[in-house]
Amino acid sequence: MSLHSATRLIPRLTPKLALKFVTRFALFLPGLPALADGNLVDRVYDPYVDALETEIEWRAVGARDSDEPELDGLWQHRLGVGYGFSDRWFGEVYAIGEKQPQDDFEVEAVELEAKWQLTEQGEYAADWGMLFELEREFSANQWEAAATLITARDWGRWTGSANLALEYEWGRVSEEFETELRAQARYRLSPHFEPALEFYAAEDLLGIGPVAVGSWRLDGGRQLRWEVGVIQGLTSESPDQTLRLLLEYEFF
Amino acid sequence: MKAGVRNLVTIFIAMLLTVLLPVLPVQAARPELQIEIRDHLFYPSVVKVPANTKIKLVVINRDPTPEEFESYELNREKVIMGGQKAIIFIGPLAPGVYPFFGEFNPKTAQGKVIAE
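Order-wise, the sequence lines are chains U and X. All letters in the first sequence, in the order written, are residues 1 to 252 by the working numbering. All letters in the second sequence, in the order written, are residues 1 to 116 by the working numbering.
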């Protein structure tokens, strides 16, 4: 069965149906422990927004660490649905779950995200955007708000992106400011395969590693995007290695 | 401010300056070209542009339905609502041919930019 015919089996999703799916996932079970924080890689955002596009996104990070039993074997999953409300604003809602090494998988938080494209792609020396996030952990009554400056620039077939996040956490577990820097250098080799290098710096994380990105265009304006990477920790607080995975289904 | 935060801010500011300083004066007038979408076709479908120059493309969608201007070679994708227009900046391009298409009507809406 070809990829095209296989994808025809995917039901036609509407933004409403996708949102219902994620909400049900989020309500599955509130968990007990607090989410891993400050030591897991995420993803590097670009500043662009596609109007009218709906996306369903799953991303996961799995950590390995010989020094920290709590991190060794930890998996964090995000399932989100997003929509481009205009050519400037994109909104997404996520359910976030974790599988601690000694515990079962639990859905522990929800997150709202809004991306604001500030400049037209290619108009200035660099392209700019902002990302606003609000996350709530059910069990710990813990909140986190973040504002992230996003920039990107092309050098021929190379694209460089950087995200600088300022985060504030409050609630029962902790109250603090944190910052995070994420950066990516990506070579646009072909739509199906683009090699990249990513760098992460956060409270308890300093890491760098290779990433591969690609997409498969389907009929009817639909697209599958994937990302795979392994981030090597550079300090003792960082996980030794972190595997990061992303799969997005985009449609209009 | 913690030392770690200070370091991150310093690194980021240094990155921004590296990116921006060589190109701040780039706001000169740019060549402007116009493309229309009619009946799911691009007019003109072949656009010649000067190489190594940033170009402002004004894409006017005369159809009542939205269309997406898409090109991997130009690294651009932009949805243009029905009856509206969008501005797409391309280049500077090395001499060559850069195909583009309409994501919602890829069989008919096709074109190319030729940089020379």
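Incorrect hints may have been included.
[Claimed, not checked] Cβ-to-Cβ under 10 Å is the rule here; a few derived chain X residues that face chain U:
(1) ALA29
(2) GLU32
(3) TYR43
(4) ARG62
(5) ASP63
(6) VAL79
(7) GLY83
(8) ILE90
(9) GLU103
(10) PRO106
No lab work stands behind these hints: they were computed from the structure. Don't be surprised by glycine CBs; every beta carbon is placed ideally from N, CA and C.
Consistency of the hints with the structure:
no. : hint   : in the structure
1   : ALA29  : violated (13 Å)
2   : GLU32  : violated (13 Å)
3   : TYR43  : violated (22 Å)
4   : ARG62  : violated (18 Å)
5   : ASP63  : violated (15 Å)
6   : VAL79  : holds (4 Å)
7   : GLY83  : violated (14 Å)
8   : ILE90  : holds (6 Å)
9   : GLU103 : holds (5 Å)
10  : PRO106 : holds (8 Å)
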